[in-house]
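Participant: Each chain, letter by letter, is given below.
6 protein chains.
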Amino acid sequence: MRAFFIGRFQPYHLGHHEVLREIFSEVEEVVIGIGSAQESHTIENPFTAGERVMMVDRAVGELMAEVGERKVYIIPLEDVYRNSLWVSHVVSMTPYFNVVYSNNPLVIRLFREAGFEVRKTKLFNRVSYQGTEIRRRMICGERWEDLVPRPVVEVIEGIDGVKRLRDIAGTDV
Amino acid sequence: MRAFFIGRFQPYHLGHHEVLREIFSEVEEVVIGIGSAQESHTIENPFTAGERVMMVDRAVGELMAEVGERKVYIIPLEDVYRNSLWVSHVVSMTPYFNVVYSNNPLVIRLFREAGFEVRKTKLFNRVSYQGTEIRRRMICGERWEDLVPRPVVEVIEGIDGVKRLRDIAGTDV
Amino acid sequence: MRAFFIGRFQPYHLGHHEVLREIFSEVEEVVIGIGSAQESHTIENPFTAGERVMMVDRAVGELMAEVGERKVYIIPLEDVYRNSLWVSHVVSMTPYFNVVYSNNPLVIRLFREAGFEVRKTKLFNRVSYQGTEIRRRMICGERWEDLVPRPVVEVIEGIDGVKRLRDIAGTDV
Amino acid sequence: MRAFFIGRFQPYHLGHHEVLREIFSEVEEVVIGIGSAQESHTIENPFTAGERVMMVDRAVGELMAEVGERKVYIIPLEDVYRNSLWVSHVVSMTPYFNVVYSNNPLVIRLFREAGFEVRKTKLFNRVSYQGTEIRRRMICGERWEDLVPRPVVEVIEGIDGVKRLRDIAGTDV
Amino acid sequence: MRAFFIGRFQPYHLGHHEVLREIFSEVEEVVIGIGSAQESHTIENPFTAGERVMMVDRAVGELMAEVGERKVYIIPLEDVYRNSLWVSHVVSMTPYFNVVYSNNPLVIRLFREAGFEVRKTKLFNRVSYQGTEIRRRMICGERWEDLVPRPVVEVIEGIDGVKRLRDIAGTDV
Amino acid sequence: MRAFFIGRFQPYHLGHHEVLREIFSEVEEVVIGIGSAQESHTIENPFTAGERVMMVDRAVGELMAEVGERKVYIIPLEDVYRNSLWVSHVVSMTPYFNVVYSNNPLVIRLFREAGFEVRKTKLFNRVSYQGTEIRRRMICGERWEDLVPRPVVEVIEGIDGVKRLRDIAGTDV
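Taken in order, these protein sequences are the chains called A, B, C, D, E and F.
Numbering of the first sequence is given in the UniProt record's numbering, commencing with residue 1 and proceeding in unit increments.
Numbering of the second sequence is given in the UniProt record's numbering, commencing with residue 1 and proceeding in unit increments.
Numbering of the third sequence is given in the UniProt record's numbering, commencing with residue 1 and proceeding in unit increments.
Numbering of the fourth sequence is given in the UniProt record's numbering, commencing with residue 1 and proceeding in unit increments.
Numbering of the fifth sequence is given in the UniProt record's numbering, commencing with residue 1 and proceeding in unit increments.
Numbering of the sixth sequence is given in the UniProt record's numbering, commencing with residue 1 and proceeding in unit increments.
Hints in this document: simulated from the structure, not taken from any laboratory.
Fair warning: there could be bad hints in the mix.
Said to hold, decoys possible - Some chain A residues close to chain B (C-beta under 7 Å, calculated; not the full set): (1) Thr-48; (2) Met-54; (3) Pro-76; (4) Ser-92; (5) Met-93; (6) Thr-94.
The C-beta atom is built at its ideal place from N, Cα and C for all residues, glycine as well.
Let the hints inform the model, and build the full structure from the sequences given.
Facilitator: Here it is as structure tokens:
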């Protein structure tokens, strides 16, 4: 069985990590879609798709060291800006999958209309484990490193990602 | 060191296989771009990006059984239809890479203009190891299975790919 | 004489109905444009263009039972995201028309700049006869059926439209 | 039961007419899609979508005078340039339909992959009843009027359509 | 040496004028990019790219009467909606330049990531010399003419620009 | 009076030069549109819009040294891929113009349909003064410098343009 899971991963954080751990406990293979892949260098979407591929890849590596080897496909997905085409877009860009994991009402609705089985994921500490909160902390110079897996911290430091976000936000100007 | 290698992989064939074997002999990590990812269901581009991800993944698996484990990223890349933006597009969608392998004059030129190191790949039996020839054989009902790695045959059979190509070509109508 | 009238019809409501009744009293033929045709499955635009074609068609049928047979063309119009091209876009997608009916300042301005006669429509009970209010009632489980023509209720029930809107809004999750 | 039938209608000709007559003998309602709606003013696609709506509408009127009143929806459909999204695009832009009529291998394949019933249409005098041949005759100043229904001749004359085609082809320059 | 300077110029005002005077004191040639060139007829972007070319051209003419003849290229730049492609887009559309002048954090960041020298411009009376304030005054019927160079007033009057903005804002309806 | 003249200028050659000389003899101001501005690095369109702006600017400079100072606007124009929108696109991107000079049947037709005065330009030695022939000579290593104005040779040499074209064509590989 193969699952589909999508996020924007701006950045990948411990909430994503818990969901993936949950998915790994139920299915063998996972396609991870990187949503809004065309976006970067904004306050909402500071990181490129390629940088987010790295984050997801490193985080999945950590997870597999813990739960055992899995087959994972990491696929950047550009927006198509038309909800009625979105499921077909995802399907065409990804290896075949049987089940979708999501907590997003629109994602759930669109996949169910298309006849897919959708499983709702659990929520983990939604206050902190959110991209918005993490990016806010990065901009304000607060501590964000505890909210993401260790390998993601390394990816972000490797690209000097906090500096980029602060530059764009005008904080460092 | 990380290399970038791009193809349309319609389908992945033994020519691609030889180039990858060559790249694996020189660098540790490879980003494989799946070009014209948005195309499918045409005579020139019968397979979806997701199906081509499967072909490349299975073929790379075979290769790694032979040459040892490597880090490989397989990234679908939609066309941007503007040569002057193409390298920036590739860079934004992929993990960082240091060197490009290609035999395509346009790809070579664009990456060199952008300051990348580009290495030309060797050519292997160009008459048969070509997507055009393989698709022609599929349409005409000739033997094509010898021109692609064994796992790619399985992927194509699993999606009944020859039937799709013949349908589109009007051969089965 | 042929008139042009455009709306998003999310959903078609009694305000639209009154405007059409007014137009039918002045001209013989009407082109009804379905704006933002590419949008669907959002809180602002829950229904597809095709579903909105059905709403308009059924409502116009009711109206013609009342005022007599008219020639009506119902044309979905995708956004072009450039105001300076919009009139040309509309003109290319629709049968020729001589006069535009609208109350939207931008629509009026764009058609007048292009040399069209534009007639302002009357306003009918703008508090309730608004898409925003109707969608709000649908989401909150309040009574909305009195604000749209009877055949439109049937179209929306036929596609289980309120459920879709509530799903997307997260009300049913 | 409602059928879907698509053509570019550059222009609508007697071949289309025969297919529609055939469809009307089997189903009560028809959605007629006007393909490549965004195209106009080229040798392959001289007429705008709006002009083609008029041709189809008039021709259907003639047909209904003959076979009795039917419910027909005429919907311009812009290209999406991605085969994997095309069926979803059509579905979103049109009233719900149960069966597709087509002789085009790609259209047949795409709708069948999406789970639709597709019925192949008969072919009627394919040598003359073709858009290419009719446009060639228009450009060369030969007799084309016998190849299209009478009301279509009137629409084309009303917009001075042959002059446009000859202008674009450079014949009149 | 050739500089690049970009603005939306909705409209061109005395703040832009001061920055250009500053740039002219340092470099001989300037490429002036007209950003969001595809936008017009909105409250944020009332003027077309062509109208803004006229404003910039006339204002630059006034400036050169003061500081002497310079080589200036005025280039409309449509948005590409992808920050990672934007610098490549600008570079492809403009004559070669060596240095960028900007106060916009995103513009500064993107050009620096691409390896360009970027110089921050001074700020001049930011309260009044802002497009937002000038458009507000136009809509409210207040005095705006002191905030733009005299030739820009003439361009805006020549196209009856205040009337357009008020029409769109619904103020004149 | 202000004229509009459009070309792709791949590269600007003596045929364009003669047409401009003709236009300058009749009108005072000229808007020169650089068509297919988004194209570059292909055999048909080797040069970027910015490089073509330079060619046109330098060539116009030479011409004005001969016929006297004129007001000229050089505007890159991206394709919109829809003939029915093209005139509106051009109008929105350029300063106002009263008359169009062209020998292209489609350009003539589209502007005339939109109500513009169009004047046909003379033809000058069409065998050699063609972009296709000049690019062929560049690729084949033949003499092309006599077919373009001297300043255009300098622009092309300054960007090593022949090398780029030969690289793309695969001649130098």
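Participant: Hint by hint, say whether it matches the structure.
Facilitator: Here is what the structure says about each hint:
no.	hint	in the structure
1	Thr-48	holds (4 Å)
2	Met-54	holds (5 Å)
3	Pro-76	holds (5 Å)
4	Ser-92	holds (4 Å)
5	Met-93	holds (5 Å)
6	Thr-94	holds (4 Å)
Going through the hint list in order, the structure satisfies each hint without exception.
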